Amino acid sequence: MFEIEQGVRQGSTISADLYKLYGNPLLNILCETGLVGHISDIGCCTPTCVDDVAIISNNHLELQMLINIAANFSKREGTLTNSIEIEEDFWNINNKQMSVVEYSTHIGIQKCQQNSTKFTVEENIKKTRRSFYSLMGTGLHGKNGLGPETDITILNTYVMPILTYGLDILLPTGRILDSIHQFHKKMIKQILSLAKNTADQAVYILSRSLPIEAELNLKTLSLFGNITRADKSTIEWRLAETQLQLKTNQSNSWFIDIKKICLKYDIMYCQDFVNNPLGKFQWKKSNYKKNTYILDSRNK
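Each residue of the sequence shown is one higher than the one before, starting from 1 at the first, in our numbering.
What the hints contain is simulated information worked out from the structure, not anything from laboratory work.
Just so it is clear, the structure is predicted and the values come from calculations on it, not from any experiment.
By construction, the Cβ of each residue, glycine as well, lies at the ideal position given by its N, Cα and C atoms.
Do not take every clue at face value.
Label pairs and their calculated CB-CB ranges [stated by the list, open to error]:
| id | residue 1 | residue 2 | range |
| --- | --- | --- | --- |
| 1 | Ile-39 | Gly-174 | 23 to 31 angstroms |
| 2 | Gly-108 | Cys-31 | 36 to 44 angstroms |
| 3 | Gly-34 | Ala-199 | 56 to 64 angstroms |
| 4 | Thr-33 | Thr-105 | 20 to 28 angstroms |
| 5 | Lys-96 | Gly-145 | 50 to 58 angstroms |
With a Cα cut of at most 20 angstroms, we get these calculated SDA-like pairs of lysine to any residue [to be verified]:
| id | residue 1 | residue 2 |
| --- | --- | --- |
| 6 | Lys-126 | Pro-148 |
| 7 | Lys-219 | Ser-209 |
| 8 | Lys-259 | Glu-215 |
| 9 | Lys-127 | Ile-162 |
| 10 | Lys-185 | Gly-225 |
| 11 | Lys-186 | Gly-139 |
| 12 | Lys-196 | Ser-209 |
| 13 | Lys-284 | Pro-211 |
| 14 | Lys-264 | Lys-186 |
| 15 | Lys-259 | Asp-272 |
| 16 | Lys-247 | Lys-185 |
| 17 | Lys-285 | Gln-271 |
| 18 | Lys-285 | Lys-185 |
| 19 | Lys-189 | Pro-161 |
| 20 | Lys-247 | Gly-43 |
| 21 | Lys-259 | Gly-225 |
Start from the sequences, fold in the hints, and give me the full structure.
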């Protein structure tokens, strides 16, 4: 049911194949119980990345049953589960009370009860700043460093993925998007030794970079393209088909946000791509051309 579609990550102590060898039996057991969380009639089972498993249920009693199954599986297979600090007494694992924490990290995304996007963006900016400074030793700075072209290439290759990680899911807006926008411009100005009051158009023309909003839109559309090309039995594809057809434009659904982004770039009837998906390179090439064309027309 859970096919191996991930290679061995460079520098990892255990390959992705081994993680799936240990984790797949548990995922299959939890899925077969029928107690997992649902969006409409679509079971969301257990979102998993390597050894990071999120157990989801719509009922707190069923959630405890799923936790017990995972704990018994851990004992039987001789694996360890991470301990969690105690804050509120409700669920338990191995007779130890678990906490309902204010925020938690799952596959690098900060999840909290109030504003997950804000916390994730703040963490991304911290990580990006550390990565940016760590590359200064290689010449990633304005004066007496590498050439501007090389610096921008290094920035786009090693720094930007950290800054934008997970934001194609959360889709920041308003002040949160402004904070990333300002940080992104500041990095480019430092690399190119530009004055602080340099116009935005000059910053992006000289660096040949897209604004951070356009970068996030490209990542989001790329992810949507991957979903449209997925097997029709996958949870993501089924959610895309259902929500694009049934949800209104006032909905907070991620797929409705996708529809709005598609309209921004004159991509009409994005739900048609679910049943008739484009190839990977054809989809990316089309989106990139539309993005750059619209940005060029705005800057003129």
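Against the structure shown, which of the earlier numbered hints fail to hold, in ascending order? When the structure is compared with the hints, numbers 2, 6, 10, 14, 16, 18 turn out to be violated.
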